[in-house]
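Visitor: Residue-level listing of the chains:
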Amino acid sequence: MKTTAILLLVVAFSSTVVSAQDKARYHAQNYVGLLEGEARGAFQLQTIHGVQYRNWYGAGGIGLDYYMYRSIPVFFSLNRDIVLNKRTFFVSGDIGANYPWVQEESSMGWGGSSKQDFSPGLYWAGGLGYKAYFNNKSDAFLINLGYSFKHLKEENKSEGFCPGPPCTVYPTIYDYKLNRISLRLGWQF
Amino acid sequence: MKDKLSKTYTIYTPVYKTKQEVLASVKFAAPQTISSPGKIYIYGKYIFLNELNKGVHIIDNSNPSSPKVVGFVNIPGNVDIAVKGNMLYADLYADLLAIDISDPLNTKLKKVLPKIFPERSYGIGYSPDTTKIIVDWIQKDTTIVIGNETGYSGCPTCSFASPFYSADKSSSAAPGGIGGSMARFTIVNDYMYTVGQSDLSILSISNGADPVVVGTQRIGMSIETIYPFKDKLFIGSAAGMFIYNISSPSAPARESEFSHARACDPVISDDNYAFVTLRTGSWCAGTTNTLDVIDIANISSPRLVKTYQLKNPHGLSKDGNLLFICDGTDGLKLYNAANVSDLKLLDHIKELETYDVIAWNKLLMVVSKTGLHQYDYSDGKTMRLLSTIQINKKL
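Protein chains in written order, with this note's numbering: chain W, 1 to 189; chain S, 1001 to 1395.
Keep in mind the hints are simulated off the structure, nothing from the lab.
A hint or two may mislead.
[To be verified] Below, a sample of chain S positions facing chain W; criterion: calculated Cβ distance under 7 Å:
1) Met-1001
2) Asp-1003
3) Thr-1008
4) Tyr-1009
5) Lys-1017
6) Thr-1018
7) Lys-1019
8) Leu-1023
9) Lys-1027
[Said to hold, decoys possible] Distance condition first, Cα-Cα at most 30 Å in a straight line; then the derived DSS-like pairs of lysine-lysine:
10) S/Lys-1311 x W/Lys-177
11) W/Lys-157 x S/Lys-1344
12) S/Lys-1350 x S/Lys-1311
13) S/Lys-1318 x W/Lys-157
14) W/Lys-115 x S/Lys-1007
15) S/Lys-1344 x S/Lys-1318
Just so it is clear, CB atoms sit at the ideal spot from N, CA and C, and this is done for glycine as well.
With the hints as constraints, model all of the structure from the sequences given.
Guide: In structure tokens:
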């Protein structure tokens, strides 16, 4: 899946297709979508703001990603429009960092306690989309299907019963590399 | 499409010895590197410093500017210590040992009282060989690929490895020894008082080499610390502070209690006020990180005077109007407490993560994450570093 996404990006960015706009113009893309992977499917939200120049759209984005652990991807996004038979398709690529929504959690149970520290990791995504322009040639409905990866690390420090410090801490490090299919529906204006 | 989840943890394999072997090894040995300092107890020119779950370092403090680690008493599972006269009392997991330290460089085990601290046994799904004692753990890091687990589901290898109790430093004004405010043992005259998770045990030590249990009282849940002042015991629990009258020393009687938000709470007192630090943490629940000053002039009805916000306060100590507070990662703080309604910060040492402190005779002993530090506070305003015994420093 990763290879397919990368190939799509390469093909798109190396192709010469019809130019769309000669002047750079601000656009925002706002998405809602689903993420489906080995873990339970999850919801995602993204807002991307940047500039369209000819067939290229470069932007910065931020989102909410509820897959396994809620996180906040912050990324740079690059899109390439491909116009075929007057229909505008686009290839998208995002890369950035994935920040955990919760940085730190503590819990206490019978006979011990634990503390979880989450740290950020890589976020990247690639996809193929379709833009359905409205009459004003600026606003568009977006649909995008692709692959999305996010990485998180969790360090869990547990203690036995320990009312007085220093307490012996037993760390366990969890490493989450999460591969998902991403389907997004959005609105460009 | 599969996720890749891995888990890196440490496998702990117990190292056993027979009880006879362990008890035979409870004696003075060559100095060892301090790696996990726990409770401290001052006795004469010596400092007894607990090495968490391993034993007790003996430090010659004749010159506080240049203390010398002179020996080590090997006591597996040890976290609490107290001293009276020539006897060192120390826990060995669930047992209490009486060790003759009349010559601290030639200690002798005098008595073993079994199962005084039943909660100090192992548990939580792990059943060690009960005929033997765990004296060490072999650690091995390992990484495994795990299934699609979402979130922490418990550490299968660690709960049994953890000591049920951890370190303290007691603050008894009893003759012969001085400890810190996080103690779970304390000595008043001919009696030793210990707190477990829910019990107060009373031991007669009129014959120091032959301590005898004279009573046990169930006093509540999540008991943490014990501090003596005159004929009172101040007991800190996660839910509040209990005051016991020990005018009849073999039968402590509860006089009053002061409830507070759930938190860990070392306590000290003087004639008029009790000072309670409340802290959160992974073990300590709640959200409170404060110093509560409680008026105990009417002992039957303690009254909150004022609450001060702190970062993560642990142990504390008081000498006259000077109040010393270990504020966890925010270091060590010295306050002028002449007016308890308006504490004035006099000095603040920020670079230490401090656990507990004993202020005694213008000499301050502080246990931190990095070692044992001694300060001079004779000017009544500042803390001047005299010496540090760093952890993990080869002796």
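Visitor: State for each hint whether it applies.
Guide: Status of each hint after checking the structure:
1. Met-1001: Given a least distance of 5 Å, the restraint on S/Met-1001 holds.
2. Asp-1003: 5 Å, holds
3. Thr-1008: Since the shortest Cβ distance to chain W is 4 Å, the answer is holds.
4. Tyr-1009: 4 Å, holds
5. Lys-1017: 20 Å, violated
6. Thr-1018: Cβ of S/Thr-1018 sits 24 Å from chain W, so the hint is violated.
7. Lys-1019: 22 Å, violated
8. Leu-1023: At about 24 Å, which exceeds the 7 Å cut-off, the nearest Cβ of chain W leaves the hint on S/Leu-1023 violated.
9. Lys-1027: Status violated, d = 25 Å.
10. S/Lys-1311 x W/Lys-177: 35 Å, violated
11. W/Lys-157 x S/Lys-1344: Violated, at about 36 Å.
12. S/Lys-1350 x S/Lys-1311: 12 Å, holds
13. S/Lys-1318 x W/Lys-157: 33 Å, violated
14. W/Lys-115 x S/Lys-1007: 16 Å, holds
15. S/Lys-1344 x S/Lys-1318: 14 Å, holds
Comparing the model with each earlier hint shows violations of hints 5, 6, 7, 8, 9, 10, 11, 13; every other hint is respected.
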